[in-house]
Amino acid sequence: MRLRTKLFLILFIFVTVYGTVSAQDSTATRDLSWKRKGFIDAGVYIANPDSKSFVSQAFDVKPGFQLAFSGYLYPRLLFGARYTRFSGAMTNRQIAGDYDRTNFTTFGVELGYEVMNLNRFQFVLQAGAAATTYRNKKAGAQNFVDNGGSLFLNPQINLKLKDWLAVYLMPEWRIDYLNTEVPPELEDSFKKINYLNLSVGLQLRL
Amino acid sequence: MRNLYLLFACFVLGSSFSCDPEIESNSRGQAKGRLVDQNGIGVAGILVRAETSYTRLGFQNTDAEGNFEFTYLIPGWEIPEVQLNPRDENPDYNSSFASIIYVVNSSMYTTTTSDYGDVVLPKLGTFELTLRANANTQDTLNFRVTYADRFCERYRFPPEDDVEIEELCFVDTEFSGQHLPGDLNETFDFVTIQGRPVYIDFRINSGAEQNLVLNLNNSTLSYEITH
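Listed in order, the protein sequences are those of chains A and P.
Numbers 1 to 206, taken from this note's numbering, label the letters of the first sequence in order.
Numbers 1 to 227, taken from this note's numbering, label the letters of the second sequence in order.
Incorrect hints may have been included.
In silico DSS-like links for lysine-lysine, alpha-carbon gap of 25 Å or less [as the list claims (entries may be wrong)]: (1) A/Lys192 - A/Lys137; (2) A/Lys160 - A/Lys52; (3) P/Lys123 - A/Lys52; (4) A/Lys62 - A/Lys52; (5) A/Lys160 - A/Lys37; (6) P/Lys32 - P/Lys123; (7) A/Lys137 - A/Lys62; (8) P/Lys32 - A/Lys191; (9) A/Lys192 - P/Lys32.
Label-pair ranges, simulated between beta-carbon atoms [claimed, not checked]: (10) A/Gly140 - P/Asp92: 37 to 47 Å; (11) P/Asn61 - A/Leu204: 24 to 34 Å; (12) A/Gln142 - P/Asp92: 20 to 30 Å; (13) A/Ala139 - P/Leu168: 31 to 41 Å; (14) A/Ala89 - P/Val120: 45 to 55 Å.
Keep in mind that the hints were calculated from the coordinates and are not lab data.
For each residue, glycine too, the CB sits at the ideal point set by N, CA and C.
In isolation and in its complexed conformation, chain A is listed as follows (with noise of 0.2 Å):
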């Protein structure tokens, strides 16, 4: 398992965990401030591909960004629709096929439930499902894709800075199930594709 991977497992595990226990905690006090309508988020995506993918193989993954936004239906539950979007530079045309870069984006909706909200730190155990698209250029050509559809679940820490502003961490486990119709031998790189992802940034409390 590649170092990257190892360190956003175990910041997935971390965050999942400490959310979870600190929730328990009977004599945290819930800090009601977080009360709002809904939140809205903004920050980097970076995409980190389980290294058996095609995506992982043939291409130099750069960090993309990710937009969300959710809002309350009940007092601890959340919905909401999430887009993500990173690209990738071919660099290994024999396991992927001869193009140049691919636009990975994902469009979809989320339910998250509010495990924990004390003092500065609320706590949310986010899943969904998403539409997913992996545009494709090739210099002289025309575009084409890959699409199929994302299930994951990203728990997501948020760290309040002012009344309407906060930091949000989000580490991510998401399984791409692709539609491309591949030879027996492909399929296991191209057909699911695990990522382990982490997202950073700012959360707009509306």
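Got chain A sorted already, so can you dock chain P onto it with the hints?
Using the frame of chain A, we list chain P on its own:
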């Protein structure tokens, strides 16, 4: 023909219609095989590429054992071909070996693995034929040379069709001429396949035809006819 219609459509519709080649979305194929010489030894560093007239779909240089295996894109409407050691636009072209083109690859429209197995990539050699007229000779030399062309174009269908037609591949070709008294010395050189015979048939004046069979076993072979 279909390409011509599409090019015509591009011309008529102008900028409102993208004329760039299409690539099929959500599709990949795979090509693999091994390039060997006439002795069955793998040939390293040879470029193998899949392409259409307008765009390259995939490529790889063979490894130390002559193996290649690469993923290629599926073309939208153009006819794909696989080229082994292509001569054009190939900085890695190896002039010691022949080039082979698979011009019909119906399996390349589907997301399958096109397994080419062991492909013999023959070595090339140069044959030089020199015609020399002795001083004051009155003899006329008529000659004909027959040799294997280095050009190879194969049709290939999916293995399940159990059809592989080999056409226009290293076929015999010939040239002939006449060398008159007083002509300057002439040298003809041509590239052919090593291990294949070169036939030289010649006649001086109206004498009996002489037939020679020469084997090109090295990279060069020279022969001289004097009359």
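### Hint check, failures only
Violated hints (numbers, rising): 2, 3, 10, 11 and 14; every other hint is consistent with the structure.
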